[in-house]
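Protein chains in written order, with the working numbering: chain A, 54 to 859; chain B, 22 to 311; chain C, -18 to 141.
Treat the hints as calculated values from the structure; they're not laboratory data. From the three backbone atoms N, C-alpha and C, an ideal C-beta is built for every residue, glycine too. Check before you lean on any hint, since a few could be wrong.
Once the Cα atoms are required to be at most 30 angstroms apart in a straight line, the calculated DSSO-like pairs of lysine-lysine come out as [to be verified]: (1) B:K79 - C:K37; (2) B:K79 - C:K(-7); (3) C:K(-7) - A:K726; (4) A:K232 - A:K86; (5) A:K86 - A:K118.
Residues from chain A that face chain B, not an exhaustive set, calculated with beta carbons under 10 angstroms [claimed, not checked]: (6) E492; (7) L627; (8) K839; (9) T843.
To spell it out: a stretch of chain A is covered by chain C in this simulated footprint if at least three of its residues, at any positions, have a beta carbon under 8 angstroms from a beta carbon of chain C; those stretches are [said to hold, decoys possible]: (10) 74 to 84; (11) 331 to 340; (12) 736 to 747; (13) 788 to 799.
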Amino acid sequence: MSETVVSLEREKRFIGSPLKTKEALRHVRGMGKFVDDIKLPGMLHAAIARSQLAHAKIKRIDFSKARALPGVVDILTPEDVVRMSDPLPQMTVPPASNVRDYPVAVGKVRYVGEPIAVVAAETRAIAEDAVELIEVEYEPLPAVVDAEKALTDPPALVHEEVGSNIMAHVQYSYGNIDKAMKEADRIIKVRLHFHRFSSTPLEPNAVLASYDRSENMLTVWCNNQEPSFMLPQFNSALRLPYNRMRFITQDIGGGFGCKITNYVYVILISLASMKVGRPVKWVETRTEHMLASSHGAERIFNVEVPVKNDGTVLGLKILSIDDDGAFARHEPAGLTVWAQVVPGAYRIKHVYSDMYAVFTNKCPAGPNRGFARAPHSFMIERVMDIVARELNLDPAYVRMKNYITREEMPYTTPNGCVYDDGDYPKSLSIVLDALNYTELRKKQRELWKEGRYIGIGIATTLDSGAPNFGQVKMLNPRLPLVGNAEACMLQLTPDGRFVVRLGTVPQGQSHETVTSQIIAEIFDVPVELVDVATGFDTMTHPYTMHSGTYGSRYAAMGVGAAYGAAQKLRAKVLRIASHILNEDQSFLALSNGSVVSTRDSSKSISLKRLSRIAYGMPSMLPRDTEPGLIVVNFYYNGLVEPDERKIANLALTYSYQTHGVVGELDPETGKFKITKYVIVDDAGRIINPLVVDGQVHGAAAHGIAAALFEEFRYDENGQLLSSTFVDYLSPHSVDLPDLEVHHLEIPSPFSPLGAKGVGEGGGTAHVAVINAINDALSPFGVMLEKSIATPEEIFRLVAKKSGLPL
Amino acid sequence: MYSFRPSVVAKPESEEELAEVLRKHGRNARIVAGGTGIYELSRRGLLSDVDVLVDISKLQLSYIKEEGGKIIIGAATSLETIQRSSIFSRPYLSALRDACLSIQPLQVKNVATLGGALCTALPFLDMPVALFSLEAIVTIGPDMREMKAYEFVKGFFDVDLKDGEYLREVSISMKEKSGSSFMKFSLTSDDWAIANCSVSVVVDEGLISSASIFVGGAFGEKPVRAVRTEERLRGILPSDTDALKNAIDSTLHLDAKPETDVKASSEYRMDVAKVLCRRAVFQAYRRVMT
Amino acid sequence: MGIKIILNINSKRYSVDIEPWETLNHVIREKIGLTGTKKGCETGGCGSCTVVVDGKAVYSCMMLAFQASGKDILTVEGRDNDVLLAAIRKGFMEMGGLQCGYCTPGFIMSAYALLSMNPKPSREEIKEAFVGNLCRCTGYVKIFESVERASQIISGDKRE
Ligand SMILES: Cc1cc2nc3c(=O)[nH]c(=O)nc-3n(C[C@H](O)[C@H](O)[C@H](O)COP(=O)(O)OP(=O)(O)OC[C@H]3O[C@@H](n4cnc5c(N)ncnc54)[C@H](O)[C@@H]3O)c2cc1C
C-alpha cells in the first residue's frame, strides 16, 4: 500500500490540487436538487401537529374540525401509527430498552414539539391551518428538565416502563486510577457543564415519501445522513422488507450529525403516504427544527484529576451525566463514542469513567459535529487549563509536558486506540509563534494596570475518523455491529468515461469532486471524464450498514472504497489490454486515457476502444475475463470489536488540531471580542486543499458559535426558549474572527492514501475560546463552569469580584 | 385560527383613496409598506382578521426634505435611504443613522420603511428610540394631525391611529449646538437589542445644557424616557467621567424598569443600559464639540 | 379567489395567479418552478431566500408576491449573458465559496447586489453586505474570498 502512495507522489496531478468542486457547478446556478425541490404528480403536503407541553398525558384529541377543512385529505393519528408500525429498535439495554418508541406521542407527550399527528392536505397552507384546528386535551405532569435531578430526585418518570430515568449506565476503567490518586501530589476537582446546542444545518429536515400500493413499494427522497444504517429501523417500523423500500438522497443542505435522527420523520411521513396512497411531502420549519429534530447532548462532568506538582497529569476520574432528552435515538451511543479519544492528546495513563445517560423532557439528543468526543475533549482541555491555573504554571507549558510526542507514534492509548501519527508539540509551537505568545503574556499583565483584560486560549483536540462500530458493544454487547466498511461501484462506460456510485451520503463535503480526483489520478484521465453520481440511492448504489457521512469517515472509508475500486478496475483494464496488445502486463502503463507499452510505443489502446471491446466484443477478451467493466469494491478498516475490558482500537485515523485564540473582555458589559485566531490542522495527506480548508473553517465557526452564542435553553417547565434564529443566535459574517490556518501534513500510515478524516474538527474552537475567556477572567479569580459564555454570565462573574483584580 | 389569509389587495393611487380604503375596511385593512413587519405580525397570529392589504407604493411617500427648519422624512422612506443620506451625518441627527446602521440585514433595510418601523410598535426596535430622543413629530393623514412620535407609539403593537388614518411623515426640528448618539447592545450582529439607548444633548459652553434620553429593548411596552437622568445631566461636563457615571448610575433605574427574558435578566439589562447611556452621552457630546 | 400579477424574473415575464398572502419566495419556487431560491427560516435573517429586486437584495420570504409585481427580479438561475453573474459564479467555484450549496443562491444574490453597486468592495464592505445571510458550513472565509475573486474578474485583473 505504501508503495502506491509513493508512486502517486511521483505522478500526482489531481490529488492535492485545489480542484474546483463539481458540486459547485450546479449550486452556483441554483440547480442543486434538495428534497423540497422535488415535486411528484398527485403529491400532498404534510404539516405536523405537535405537543405544546413538555410532559403530559393526552386525554383526548379531537380531529373533527381539522378533518372538515376543505383540502384536508387525511390525518395520520397515533392510533394509525400504532396499528401500522412497530416500535423503533433501541440501542440501549433493558430496562431502558423497554421503551416503546413511536414517531408520534402515544398516550403521553414527552417534550415540547413532539409529533402528535400528521395532516396531509392539498397545499401546505391548508395542512398548517388544519394543524391549528386539532384540539388536544392534556393532563399536565411535572417536567423533568434537570439531568442531575432526573437521576437523584426525579420529579417524574419520563418512561414509567423503565422504572427510573436512567437511559444507560456504563463504567470504564483503564489503567489504575487508584494508584494514580495515591501517587499524586494533588488532586484537582473540576466541575463542568457542556451545554445543549447543535449545528443547525440551513436546510431543514425534509421527506418526500411515495408509496405505491400495487407494487407494495415505498420510495422516499430524504436528507438522512446514513439511510442504509437506518434500514433495520425502517424495516421494523414500516414492516417492509429491504427490497420494497428505496431511499434516495440528493443534495443535502448540511448535516453535521443533526440529520441522522431524522429517520423518525422518514418513517412518519412514509406512514402518512402509506395511509393516503399518495406521495406526501413534509419540509420542517425552522421552529420545528429547533424544537424537535436533534440537539447535541448535554453532559455534566465531575472530575478528579491526580497531578504532580510539575504539571504531569496522571489520570482522570470522571463521573458524568448525559442529558439525552425524551428518547434514546442514536443515544446513548455518546457513552461509547468518547472512548475514541480517552486521553486526548496527552500521555494520561489512568482513566476511570462512570457514565450515566438520563431521560428528560427535552428534545431527543442526537449526534452533532464532534459527537461525544467534543464534550470529552472539552473536559480534557479545560482540565489542562485548570491544572495550570491551580499549579501556577503556564497552560502551554502544561500541555507540552503532557503531550504524546511524535517519537511515541503510533501511540496506543490506555483503552487500545492506536493514534496513527502526528506531532502535537509542533502544532502548539506553531500556534505559539503565530500568537507571539511570550510577548503577549507580558502585554496581558501590563494591560491589567489599565483595566483592560485580554485572554489567551489554546487547545488541542483529536478528530478521530472512520470509527469502529464495535464500540457500541461496550454498551450493548448484543448489537450486530463492528468495524467500519464502505462500498463503491465504479464503471468504465463503453465510451471510455467513468461513473462512480458511492455508499457515502455527502452533505457538502465534496465527495463527488474528491472521488473523481482519485479516479482521474489512477487512470490518468481528465477529471471531466469522471462522473460521480449525486447523493445516494439504496436501489442503485452499493452500501454497507455503516455507509453514510458521519464520524469524519470519508477520507479513509469513502476514499478507501473508491481507491480499491479503481485498483480493481485498473487490473482488469490492464489484463484486457495485455491480451489485445499482446504485451506483458508489467510493461503496460495508463497514460493520457490510453494503455500504452512502456517499451514499444506502437502498442497502445485507448480506454474508449478498450471499453467498447469489453462491452461489445466479448470474443476479443481473454478467455477467463467476463465482459463489461464494472466493479464493486468494499473497503473495511480492519477494526475489531472491543474485548471484555472494553479495549480496542476505535477509529482508523486521528487527525488533530491546535487552536490559539486571543480576545478582549469588556468588563462593563461582559462582551468578549476575539481579536486573533490561529489554527494548526493536520489532516494527513490532503487530497483537495479547498475542501479541507473549508472543513477546518467550518468546524472553527461552529466551535466559536457554541462558545459564544448558541444554546438551546429550556425553562423549568420544559419550554424551549430559543426556538428560532431570533433566539438561537448563529453567527453572521461579522460575528466571526478572521482565521489564520496552518497545515501540518503528516500522513496516516493506516488509511489508503494517508488522508485523515477532518469533517468534525473535534470541537477545538469551542474549548479554545472558553479557555481564552477564562484566561481573561483569571485576574478576577473566577471561572466559568459552563461551555457557553454569554456576556451576562461573564458580567456576573466579573461583578462578583469587581474591584479586586490582582 | 391564527392564519394570515387576506383575500384582496388595494393599491390606492392617492392619499384620498388610501383614507377611503382604510375607513371602509377599518380593522380588516392593513397597510403594507416594506412588508418585513407584516411577516413578523402574521407569524405571531396578529393579522388573522385582516382581509384587505393596502399597498402604498404608488403614493409618493418616500422622501427626505429640509423645509422650514425641519427635516421631513416620508413614512415610506426605506431605512437604507436614510442610512445613505448625508443629512443624517449632522451631529444633531446622527442618532438616526446610528440606529439604521445597527439594524443589520441589508435585505431588510432595502425595503423596511421608517413608517413601518414606528407602526410595528415593538418595544425592542431601534429606530423608534432614536426618533424619540430627537423629539420627532409624526404627521398623520389624511387630516395632518401632528403629535410627538413618543406619544404616537402607545404600547405593544399599538399606535395612535384611528380607522381611516395612516402615518404620513416624520419631522425633526433642526437644532444648534446639539449632538446625538444611539447605541445598541446585542449578542450577535443580527440580534435584537438587549438594550438600546439614544441620547440627544445640547451643549452650552462645554457643558450639557439639556438632554433627551430614551432607553429601549424590553423596558416595558415601549421605550422609556429617562427623565431623571436628563435632569441630572444638566450642567455636567461629560469628559468628567466619574461625574457622568454617577449621574447615570444613580438615576437611570428610577425611570427605566427592564424585564427578564430568554436573552437577559432585568438586572443585567439595567447595567448594560447604564453603560450604553454613558457611552452615548459621551459620543453625542463629542459630536457637537468636533 | 386570487389575483393575477405579472412578475419579471430573469428578464422573462410570468403571469401568475396568486393569493395576497403568498410570499414572493413561495410563488417563485412553487408556481414558477424556479427552485434555486431557498428558504431556511421563518423569521428573516438566514438569507437563503435572497433575490435581487430592482437592483437591491431582498428576502423573498418576507416580501409578499404582489409587492414585486412589475419589478425587475433576479434569481440565482439568472439571465443569459449576465457578465456580473458569470463572474460571481466563477469566483465561488474557484475559491471554494460553498459546501452544501443551500445558502449559496442567497449569497450569490447578495454578492450581485453588492458588486453591481460597488465593484471593488473592501473585505469589511463584503462582510457587511452579507450580514443578512447565514452559512453554516464555511465559516464565511471562502465566501469573502470568492467575492474578492469575482471583483477581480469583473475589473479584468489577473490572478497573481
Ligand atoms: C430579519 C429582521 C431583522 C430586523 N432587525 C431589526 C433591528 O435590528 N432593529 C430594529 O429596530 N428593527 C429590526 N427589524 C424590524 C424592522 O425595522 C421592521 O420590520 C421594519 O421597519 C418595518 O417596516 P416595513 O416597511 O417593512 O413595515 P410593514 O411590514 O410594511 O408594516 C409593519 C406595520 O406597520 C404598519 N404600517 C407601515 N407603514 C404604515 C403607515 N405609513 N401608516 C400606518 N401604518 C403603517 C403596517 O400596517 C404594519 O402593521 C428587523 C426586521 C427583520 C425582518
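Each hint, compared with the structure:
| no. | hint | result |
| --- | --- | --- |
| 1 | B:K79 - C:K37 | holds, 19 angstroms |
| 2 | B:K79 - C:K(-7) | holds, 24 angstroms |
| 3 | C:K(-7) - A:K726 | violated, 47 angstroms |
| 4 | A:K232 - A:K86 | violated, 58 angstroms |
| 5 | A:K86 - A:K118 | violated, 36 angstroms |
| 6 | E492 | violated, 31 angstroms |
| 7 | L627 | violated, 57 angstroms |
| 8 | K839 | violated, 15 angstroms |
| 9 | T843 | holds, 7 angstroms |
| 10 | 74 to 84 | holds (count 10) |
| 11 | 331 to 340 | holds (count 3) |
| 12 | 736 to 747 | holds (count 4) |
| 13 | 788 to 799 | holds (count 3) |
Going down the numbered hints, you'll see the structure goes against 3, 4, 5, 6, 7 and 8, while the others check out.
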